[in-house]
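Visitor: Residues per chain are reported as follows:
4 protein chains.
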Amino acid sequence: MSKPKKVVLAYSGGLDTSIILKWLQEEKGCEVVTFTADLGQGEELEPARRKAEAAGVKEIFIDDLREEFVRDFVFPMFRANALYEGLYLLGTSIARPLISKRQIEIAHQVGADAVCHGATGKGNDQVRFELAYYALDPEIKVIAPWREWDLNSRNKLIEYAEKHDIEIAKDKRGEAPFSVDANLLHTSSEGKVLEDPYQEAPEFIYQRTVSPEDAPDKATFIEVGFERGDAVSIDGVDMSPATILTKLNELGGANGIGRLDLLENRYVGMKSRGVYETPGGTILLMAHRGIEQITMDKGASHLKDELMPKYAELIYNGYWYSPEREMLQAAIDKSQELVTGSVRLKLYKGNVDIVGRKSPYSLYSQEHVTFEEDDVYDQADAGGFIKINALRLRLLKARDRKAGKNI
Amino acid sequence: MSKPKKVVLAYSGGLDTSIILKWLQEEKGCEVVTFTADLGQGEELEPARRKAEAAGVKEIFIDDLREEFVRDFVFPMFRANALYEGLYLLGTSIARPLISKRQIEIAHQVGADAVCHGATGKGNDQVRFELAYYALDPEIKVIAPWREWDLNSRNKLIEYAEKHDIEIAKDKRGEAPFSVDANLLHTSSEGKVLEDPYQEAPEFIYQRTVSPEDAPDKATFIEVGFERGDAVSIDGVDMSPATILTKLNELGGANGIGRLDLLENRYVGMKSRGVYETPGGTILLMAHRGIEQITMDKGASHLKDELMPKYAELIYNGYWYSPEREMLQAAIDKSQELVTGSVRLKLYKGNVDIVGRKSPYSLYSQEHVTFEEDDVYDQADAGGFIKINALRLRLLKARDRKAGKNI
Amino acid sequence: MSKPKKVVLAYSGGLDTSIILKWLQEEKGCEVVTFTADLGQGEELEPARRKAEAAGVKEIFIDDLREEFVRDFVFPMFRANALYEGLYLLGTSIARPLISKRQIEIAHQVGADAVCHGATGKGNDQVRFELAYYALDPEIKVIAPWREWDLNSRNKLIEYAEKHDIEIAKDKRGEAPFSVDANLLHTSSEGKVLEDPYQEAPEFIYQRTVSPEDAPDKATFIEVGFERGDAVSIDGVDMSPATILTKLNELGGANGIGRLDLLENRYVGMKSRGVYETPGGTILLMAHRGIEQITMDKGASHLKDELMPKYAELIYNGYWYSPEREMLQAAIDKSQELVTGSVRLKLYKGNVDIVGRKSPYSLYSQEHVTFEEDDVYDQADAGGFIKINALRLRLLKARDRKAGKNI
Amino acid sequence: MSKPKKVVLAYSGGLDTSIILKWLQEEKGCEVVTFTADLGQGEELEPARRKAEAAGVKEIFIDDLREEFVRDFVFPMFRANALYEGLYLLGTSIARPLISKRQIEIAHQVGADAVCHGATGKGNDQVRFELAYYALDPEIKVIAPWREWDLNSRNKLIEYAEKHDIEIAKDKRGEAPFSVDANLLHTSSEGKVLEDPYQEAPEFIYQRTVSPEDAPDKATFIEVGFERGDAVSIDGVDMSPATILTKLNELGGANGIGRLDLLENRYVGMKSRGVYETPGGTILLMAHRGIEQITMDKGASHLKDELMPKYAELIYNGYWYSPEREMLQAAIDKSQELVTGSVRLKLYKGNVDIVGRKSPYSLYSQEHVTFEEDDVYDQADAGGFIKINALRLRLLKARDRKAGKNI
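Residue numbers (full-length UniProt numbering), protein chains in the order written: chain P, 1 to 407; chain C, 1 to 407; chain R, 1 to 407; chain H, 1 to 407.
Quick caveat, the hints were computed from the structure, so don't treat them as lab data.
Some hints here could point you the wrong way.
In this list, chains with the same sequence are indistinguishable; a pair is considered to hold if it fits within one copy or across any two.
To be verified - Dumping the calculated DSBU-like pairs for lysine-lysine here, alpha-carbon to alpha-carbon at most 35 angstroms:
# : residue 1 : residue 2
1 : K247      : K402
2 : K358      : K122
3 : K58       : K6
4 : K5        : K334
5 : K3        : K405
Build the full structure now, drawing on both the sequences and the hints.
Guide: Structure below.
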């Protein structure tokens, strides 16, 4: 790889990416363009602008991507009922492709030849960022400082920051007790205090949900409206995608919903323990299941179930921009054409339960409307159905007996 | 099918199967052998004996199958983390193969040429019973009265019962507001008051769980021990399979755990709404996931996730005794060899959360024990890993660009 | 089912469907509309008109569906490289949905309330016809004479024909030595002389291929052009879908290509032995594989391979008009966008071999064009790739050793 | 990685591995142990001993692994009917795990701390060797000279060889027109003259098969006997696994069977073109399909078809020693218990066709033996089977119509 000249950095304004910014300028001799995205992580972004300016950055991009994030990434993923390893709602994984896409767009716009991220060398995020970079621009240069530099301890980082007059927030001087990633879909926490998987995660880990114990003693009931597989309203009020997710987050957070303590398999081969809070997403998944229950045919539904683990794995591993993810998405989206209606949910101290579903396209009560009862289902037919399905099993048993293989 | 002479009836002692008993004797002219199984449904079985005797039955079988049920059916299924349509723990489905197996064994023992069950003609259970019958004895004759007789209303049944001096419990005279099936794993309710899927299920439906609202205000913590994928102890006390499930049912039921309101797709083609209570099973599933998290390799784990929907569908549809279920079981069982250790769980008002897991065969902390850190994971390797995985995506993008297909 | 009044019969003009025609008129008291499709079966259709007229039929439909058959059914299926049980190209299965669709269209056009087919009660075709009928018109009445009447022997049929003055071709008086189905994609033969699966199929079975022994001693080379996954030309000459398949049939038939002797599993539960001749289809499958080899990314290609068996099974079983087939089709079609180029094939005495492929969208040589060699592939990266992929296996082995599980 | 002291080299005796031997001694300062395996590649092995001795090697291992290769690797793989990308019989892939296993065993025996192979840095074999090494010994050191040294041209290699008095065969001085790998299962050729995928492979590429044109004008018929899924005899003569494969290779090679020109996707991300000759394996695959056709139930057979692509991919990618391959193998082996009987095949000028199959455990003719015809299959049952299977499609269509979604 020839030396990069101009680099678009995914810049949060925090200590680590501020050090990276300086390091790119000093050690790499690059012109740096910063890109800061609002994905609903709940931090002010203007400090990032100020700090970038202070570091002499001339081209600063600060974008509110919340609507795009939910509409084009979160919602398509929820159409699949995606869960990684049975439990994880993929809150971090699904944000990376959008950040990467915007970085590459900015690189093209400003004529940069490189992009840079602040993910470490042992995690999944480096893979997700870089696979997306390469998939969108095969000739882009990628800089991953954590795999390259020797600032591999807190002390060295602090020393570097002090040497280069980088602002250090008070609470960043010491080693953090755990690390956090957040966006509109979730907050994840990992490291240090969570490293013993037999020890319960301490309550102070949690950022955006109250504990079920502290949630209201009375249930909250809501109704989520869907069109073509996407949530479009809460309690009859139409809202934009990001607004819906924000509202569901409030509801979920207040009711202690969406906490997950997971020991998971990273793409890079080791197990790690994370604590996730996905309050709105947890509600949304259940609501989506509810609307599919009443509008989706069994054949479509079971095929979706079979495809889901692979789809979730692709997103977890960073293959959002891959032909196979797009093929699965085409299949999934095809199934959502009439996934329209609404679902009533009960939120109570960590629980989210479907308590009702209805749809103009219901497949449930249709039979009573359209058919004479005897036309639609003759019980005698069930006998034939069973006999034909049993035929191969009977032939098999007769054969097995003859072969001396028996109960 | 030639006329059956001697039939083994799956007999609960209730009104419906008592009518069937008489009908088999009177209309079919069969000698009837009754078989009543204790699968933990929580009913006394001796009345069944008394009633059978009163009906003139000479061969009466009453078997406690609880241990066999949990050991050979429930536990193997839970090794797969099986969920039908993402949510249902298959509590009814998994009991049918055992009842059928025992019926066929008894038929062979007493020289009966037929078996009979009391499942209706619109449900899944008829399929599950009969596929199992045929798979275990290809020449057995199967009698399914509900598909055959004309006693197709409550009034006609009551009339038939009165005419033949069949005991009618007080509460069985009228139409029941819903129908129930129960065994050690779950209780299911369906019909009548549940038929509108938009209406919340009334509280009186629930048989073995308190509502989360009525559960204790303080969490209960338990530790479930596993060996080779099966639960073997609670809080360090070794127990038999059925004892463990019984104990977990108590814990779950008291903490409002395991309720599910589901609109599902039946094998026979229509949707139906059921309410399930699976208190112990819900805890067991989460515990099993916890122990797999720490002991199971990613490759095995993800393959299990991909196979699971098909496995669950096979059990739901009644194919327990099929070569394909046995093949999947062989794969699943192979994966459980070192799924040994224990999982700490928090039970609180409907929630069951993993809060800790440990194992002598942990794959989590192993790296620190066995390898020098630099040997086990060199961060520079991650760069190569990403570059090679990205290669096809880069070639693809370069091609797509050339083809004019672009972002 | 109430009595049908007017029925659209899938009518070949042969003895069996002529008897059905009469039987519908006489025994069922229906007005009969005949529908005869040209799917390239190679029979004259005008006799069907004459015979229908002679039987008093007033509405006679004779349609040339060859182009629609290949364009909308055969080609989409070949995009999937579909093979049932590893070997069968689904020549009969894929024709049924089109015939059914046209029958339902005609029923709507002429105001018929029923449709009728001449498939027997032990085969797959009854299922394929009827699933398609019901999927396209849930209220249509379906008549399947072979499952209903008592004309269940050759003698009874002949007798019925004679009694009703139905024309009997000379060679139809006796029992045929095997039965045949044909269309533009294939000819299938089964029954009688083929019933012993250990006996080689006699040469006289084959209808449209010479034996490899009788094929030319010199190879024929052709080049098949593709656009978006569909064949569009042979040796540079653009042709319509049906013309291409016709031409490939000639080439394949003359070179002894496409014979298959198969013992297969029917949907209705028993095994049967069939002999298939699919000369053009066999060439087309190989050509399509060739063009995918050079234009399709690995991720897309492997996903297609994994989905294919289910897709093929759906078509074999008669679920063309099902949401799950349409979902899979959406995924498959998505993958074909740049499957464009051409493939050179060698045809020789039963063999069809890819000998060359090229494409404007090649993914094969692209690397040399776009990248500096060191940019696109650094051999050192492979080391990192392997190390990271090996990590879980190393952790596993270390764990297994500790557990006393070892080589 | 600390410096290796003693290394087990996979040594062929050819120029490249002789250079590696010297390079390990000179540049790496290692003691070298050579291991040469007879996997049926058809080369004399004694020259390897002589050359190793001449290079001062003290511990020389030369093992005949042919029986183990076929029995424990080839046969288990063929039970799965494994094909990579629809066509490739995995001849190279399946040999690597055995070589690696033996290398690790020798390393343990002689106290070596490292292993070394001669595979290049752009291919699949490096991955297969090294994943197997690591899976079998997580602490082993792996040396891959081609990724490390600077002898990256023919000239440099020759120069190095001359400088160190390494014997150079006459025909190895110049650049070879293509490279070859061989074992008892197949010969593969790639590179140089094969690099343009549009050009037909020249006839001189082929090493062990005559061209179909040069094969006998008269077909050869053979009968292959199977027990539990493995071939055990040819024409009634029992043979060991390696003897059977050797014999099938002769038969296939003489009849022009088993040539394949493939453009495939490598695990490391690029496409490559290879020409494979797998004469015996091609016959064996077809024979195995034949015996499964008559002995295997549909459910088992279709599950195998669905699992196969993943299984083949695992072997291609080098994951023989992985839990997921072992899980799939457990499922596959479970299915083979009664895959016993024999298959008649016709071999003729490149074609291998099943012409007959029989088995004591046949599922084909069983029905006539065991059941009264009316008991085993009542045609009326088919009507019920269809009606129940159609139900969901009818409900769906009625719903779609109501929703205005129509044909």
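Visitor: Indicate, hint by hint, whether the structure satisfies it.
Guide: Hint-by-hint comparison with the structure:
Proximity of K247 and K402 under a CA criterion of 35 angstroms is satisfied inter-copy only: 33 angstroms between copies versus 65 angstroms inside one chain copy. Within a single copy, K358 and K122 get their C-alpha atoms only as close as 46 angstroms, which misses the 35 angstroms cut-off; across copies the closest is 23 angstroms, which meets it. For the homomeric pair K58 and K6, the shortest alpha-carbon distance inside one copy (12 angstroms) is at most 35 angstroms, but the shortest distance between copies (57 angstroms) is not. Proximity of K5 and K334 under a CA criterion of 35 angstroms is satisfied in neither setting, with 44 angstroms inside one chain copy and 38 angstroms between copies.
For a Cα distance limit of 35 angstroms, the shortest separation of K3 from K405 across copies, 29 angstroms, qualifies, whereas the shortest one inside one copy, 70 angstroms, does not.
Of the numbered hints given earlier, the model fails hint 4 alone.
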